[in-house]
Amino acid sequence: MTAFNASRRRFLAVSGAVGTGALLSSCVTQSPSASGGKSGGPVTLQSNLSSPQAKTSMQQLVAAFNKSGGAEAKLNTVASETFRTQLPTYLTSANPPDIYTWYPGSVAESYAKKDLLLDLDDIWGKPELSGYSDALKKLCTSTSSGKKVFVPTSYYWWGMFYRKSNFAKWGVQEPKNWDEFLDLCDKLKSKGVAPIGLGAGGDTPWVASAWFDYLNIRVNGATYHRELLAGKHRFDDPEVRKVFDTWDEARPYFDPNGTAIPFQDATTALLQGRTGMMLIGTFFADAAPKDALGDLDFFQFPIIDPKVPVAEEAPTDGYFASARSKRADGVKELLSYLAGAEAQELYLKNSSGTALPTHPDAKDAGTPLVVKGRKLIESAADVTQFFNRDSSDALQPTADTALVHYLAKPKQIGSILTTWQRSAQKIWSQ
Amino acid sequence: MALIGSTRRSRATRVPPVVLAFVLIPLLAEAFWVFWPALQGFYLSLTSWDGLAAPKFVGLGNFSEMVHDPVFRTAAINTVLWLVLFGGLSAALGLGAALLLQQERRGVGFYRAALFLPVVFSLVATALVWQAMYQPDGLINNVLDGVGLGSWKHAWLADQDTAFYAVIVPALWRQVGYVMVLYLAGLKGVDPALYEAAKVDGATRWQQFRHITLPQLRSVNAVVLSVIVIDSLRSFDVVWALTRGGPYHSSELLSTYMYSTAFQSLRLGYGSALAVVIFVLAFGVIASYLVRAFREAD
Numbered sequence: 001m002t003a004f005n006a007s008r009r010r011f012l013a014v015s016g017a018v019g020t021g022a023l024l025s026s027c028v029t030q031s032p033s034a035s036g037g038k039s040g041g042p043v044t045l046q047s048n049l050s051s052p053q054a055k056t057s058m059q060q061l062v063a064a065f066n067k068s069g070g071a072e073a074k075l076n077t078v079a080s081e082t083f084r085t086q087l088p089t090y091l092t093s094a095n096p097p098d099i100y101t102w103y104p105g106s107v108a109e110s111y112a113k114k115d116l117l118l119d120l121d122d123i124w125g126k127p128e129l130s131g132y133s134d135a136l137k138k139l140c141t142s143t144s145s146g147k148k149v150f151v152p153t154s155y156y157w158w159g160m161f162y163r164k165s166n167f168a169k170w171g172v173q174e175p176k177n178w179d180e181f182l183d184l185c186d187k188l189k190s191k192g193v194a195p196i197g198l199g200a201g202g203d204t205p206w207v208a209s210a211w212f213d214y215l216n217i218r219v220n221g222a223t224y225h226r227e228l229l230a231g232k233h234r235f236d237d238p239e240v241r242k243v244f245d246t247w248d249e250a251r252p253y254f255d256p257n258g259t260a261i262p263f264q265d266a267t268t269a270l271l272q273g274r275t276g277m278m279l280i281g282t283f284f285a286d287a288a289p290k291d292a293l294g295d296l297d298f299f300q301f302p303i304i305d306p307k308v309p310v311a312e313e314a315p316t317d318g319y320f321a322s323a324r325s326k327r328a329d330g331v332k333e334l335l336s337y338l339a340g341a342e343a344q345e346l347y348l349k350n351s352s353g354t355a356l357p358t359h360p361d362a363k364d365a366g367t368p369l370v371v372k373g374r375k376l377i378e379s380a381a382d383v384t385q386f387f388n389r390d391s392s393d394a395l396q397p398t399a400d401t402a403l404v405h406y407l408a409k410p411k412q413i414g415s416i417l418t419t420w421q422r423s424a425q426k427i428w429s430q
Numbered sequence: 001m002a003l004i005g006s007t008r009r010s011r012a013t014r015v016p017p018v019v020l021a022f023v024l025i026p027l028l029a030e031a032f033w034v035f036w037p038a039l040q041g042f043y044l045s046l047t048s049w050d051g052l053a054a055p056k057f058v059g060l061g062n063f064s065e066m067v068h069d070p071v072f073r074t075a076a077i078n079t080v081l082w083l084v085l086f087g088g089l090s091a092a093l094g095l096g097a098a099l100l101l102q103q104e105r106r107g108v109g110f111y112r113a114a115l116f117l118p119v120v121f122s123l124v125a126t127a128l129v130w131q132a133m134y135q136p137d138g139l140i141n142n143v144l145d146g147v148g149l150g151s152w153k154h155a156w157l158a159d160q161d162t163a164f165y166a167v168i169v170p171a172l173w174r175q176v177g178y179v180m181v182l183y184l185a186g187l188k189g190v191d192p193a194l195y196e197a198a199k200v201d202g203a204t205r206w207q208q209f210r211h212i213t214l215p216q217l218r219s220v221n222a223v224v225l226s227v228i229v230i231d232s233l234r235s236f237d238v239v240w241a242l243t244r245g246g247p248y249h250s251s252e253l254l255s256t257y258m259y260s261t262a263f264q265s266l267r268l269g270y271g272s273a274l275a276v277v278i279f280v281l282a283f284g285v286i287a288s289y290l291v292r293a294f295r296e297a298d
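Read top to bottom, the protein sequences are chains H and V. Its first residue numbered 1, the first sequence is counted upward by one per residue in the UniProt record's numbering. Its first residue numbered 1, the second sequence is counted upward by one per residue in the UniProt record's numbering.
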């Protein structure tokens with residue numbers, strides 16, 4: 001009997017150990033289940049807009065489209081982190097969802113050059129899209145195939161946001177250039193206020209990239225910035241070093257908790273007057289209390305070198321479709337609808353209203369803030385998207401690590417940039 | 001044994017189909033859902049793959065990259081440190097708590113429940129509460145301020161010197177209760193007559209603990225060790241929820257590094273190679289321990 005017991009135990013031991021190990025590694029290779037319907041049936045719209053407000057807006061948009069007759073659509077809202085990690089799987093599966101919320105530019109291009117995106121040239125000739133600006137047309141064209149692969153529907157802007165009442169209380173004005181900006185910081189600091197809020201802690205370290213983006217497009221220009229992010233320059237180049245030398249001038253004025261709190265908390269600090277201003281995108285207003293919205297204002301990121309053409313950061317949102325979609329006609333019908341002025345106004349009316357529509361005739365929320373934001377972007381000589389959108393989501397973590405490290409240990413910038421280049425190289429070379 | 005075996009052989013070869021089904025169906029399910037993906041993981045660790053194009057075979061390239069990867073080195077050292085600190089402290093504190101709370105006194109149930117309660121909570125929810133406490137203007141800093149230790153105030157999770165330890169504390173807070181329950185069960189199994197005999201012989205408290213309690217807990221120690229090693233190597237949720245391995249990789253564990261390389265950097269080949277390393281570590285520790293334990297049992 002003992003022999004039997006021992007062998008059973010050994011079997012259990014071995015199989016148990018194998019099972020444990022298999023479980024550990026299985027989480028990486030789990031064969032993905034293809035979501036999406038069969039051919040025929042409604043067009044599936046895979047959306048990462050999972051915040052309650054945006055989700056409701058999307059539902060109303062799809063309902064309005066379905067009422068208009070013709071093709072039918074089905075909305076499928078997925079948590080944004082899941083959406084981001086699953087997107088490659090969706091696009092490469094045999095039976096993919098048809099349309100996806102995502103970003104134009106180099107992010108879309110990484111899929112377009114692998115022939116995963118539907119050619120949308122014909123709907124760009126239709127009345128809904130023909131009036132779009134040349135900048136948008138260029139942004140939505142694949143550089144490898146020359147075909148349009150994206151339909152933009154809205155964009156927003158980044159700026160140095162502050163509360164009007166607080167600036168009045170402190171007796172300070174919007175700065176016109178970098179030197180005035182540093183003076184302003186100095187004045188705020190002498191009044192016991194942390195001049196610049198950041199919010200690159202917690203799970204939003206990417207907010208720090210806005211500073212890198214803006215300093216780089218102000219110091220080296222948007223063209224250099226895009227080339228750098230595409231791997232045509234190196235992060236340990238002297239040009240990049242110059243960006244951090246400029247940053248060093250403003251760094252003493254950053255909120256010391258800048259890398260300890262997420263941007264939502266940094267927003268609260270700004271609204272409560274514990275920090276003076278903050279470089280942030282308009283999306284932060286979604287969470288701001290309604291009574292504070294009217295008190296918010298922003299100024300353009302200060303000009304550092306007047307010789308560099310002025311570019312602004314204006315991330316564009318919209319849709320692309322899978323090349324393997326079996327309902328291409330329905331897809332194009334829905335995308336044309338989404339590109340129209342009526343659909344964009346409907347969406348903006350239901351969401352927080354700080355975004356701008358891409359259709360030239362669509363009306364925005366019309367608040368002074370939105371009017372000012374629109375003017376900022378329309379007067380810019382060039383428009384960049386954001387660090388991850390101008391490169392890839394895979395490159396973003398390398399920036400997060402480098403920038404948070406720089407803010408904590410600014411003296412080590414030399415080795416930080418070397419490490420950044422090394423980790424970026426691994427992403428570019430795949 | 002041999003005699004019984006030969007007389008029953010004719011019956012044993014004809015396995016009833018129901019039994020066969022009971023063995024084969026779970027085996028097939030296991031093979032499809034567990035073994036096959038695991039084998040795929042081993043294959044992927046030999047490739048370079050971005051999840052879009054077909055995987056490109058690179059041999060042992062991922063493993064040789066690991067040797068020169070400073071982040072991997074940090075993560076490996078942190079994982080060992082985690083195993084020692086998290087494992088060692090939770091075993092010591094769990095045993096201590098069990099010894100304190102083993103006697104049936106009034107109100108002891110309350111303390112046991114209180115210590116075990118964190119085990120019931122989801123670790124991610126726990127982490128969110130701790131995150132709020134660690135904030136620059138959170139509970140911990142406020143308390144430090146209140147008792148006049150304002151100079152100790154810290155951005156606990158954002159400072160590379162404290163982040164790693166700040167993450168261990170919530171993990172430990174939870175594990176101590178679990179280990180305590182295991183030891184309490186073990187202590188219940190110790191024959192009280194042994195202590196009485198020791199008292200008659202004039203043994204001190206320490207001698208009782210050293211020569212009766214500890215040897216009697218040997219079998220429980222085996223369970224505790226396996227639990228601790230497995231829990232250490234799979235620790236992920238609490239680190240990810242609190243720091244995501246940051247700031248700049250200072251609280252990175254092998255598990256978080258594996259996740260971020262695979263699903264954030266989309267380097268699935270290198271991520272799989274890291275998973276293989278974790279597997280080998282876990283398998284090595286557990287297998288060597290189990291082999292020894294069973295040899296002793298026989």
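Hints were generated in silico from the structure; no laboratory data involved. There may be inaccurate statements among the hints.
Stated by the list, open to error - Subject to a maximum C-alpha distance of 27 Å in a straight line, what follows is the list of computed DSS-like cross-link-like pairs (lysine-lysine):
no. : chain 1 : residue 1 : chain 2 : residue 2
1   : H       : Lys409    : V       : Lys199
2   : V       : Lys153    : H       : Lys114
3   : V       : Lys56     : H       : Lys189
4   : V       : Lys153    : H       : Lys411
5   : H       : Lys232    : H       : Lys426
6   : H       : Lys426    : V       : Lys56
7   : H       : Lys232    : V       : Lys56
8   : V       : Lys56     : H       : Lys113
Do the hints match the structure? See the list:
1. H:Lys409 - V:Lys199: Given that 27 Å is the threshold and the Cα spacing comes to 61 Å, the pair is violated.
2. V:Lys153 - H:Lys114: At roughly 51 Å apart (the allowed maximum being 27 Å), lysine 114 (chain H) and lysine 153 (chain V) break the hint.
3. V:Lys56 - H:Lys189: Distance ~55 Å between lysine 56 (chain V) and lysine 189 (chain H) Cα, so the pair is violated.
4. V:Lys153 - H:Lys411: Given pair lysine 153 (chain V), lysine 411 (chain H) holds - Cα atoms ~23 Å apart, limit 27 Å.
5. H:Lys232 - H:Lys426: holds, 14 Å
6. H:Lys426 - V:Lys56: Holds, because 15 Å separates the two Cα atoms, which is no more than 27 Å.
7. H:Lys232 - V:Lys56: holds, 24 Å
8. V:Lys56 - H:Lys113: At roughly 18 Å apart (the allowed maximum being 27 Å), lysine 113 (chain H) and lysine 56 (chain V) satisfy the hint.
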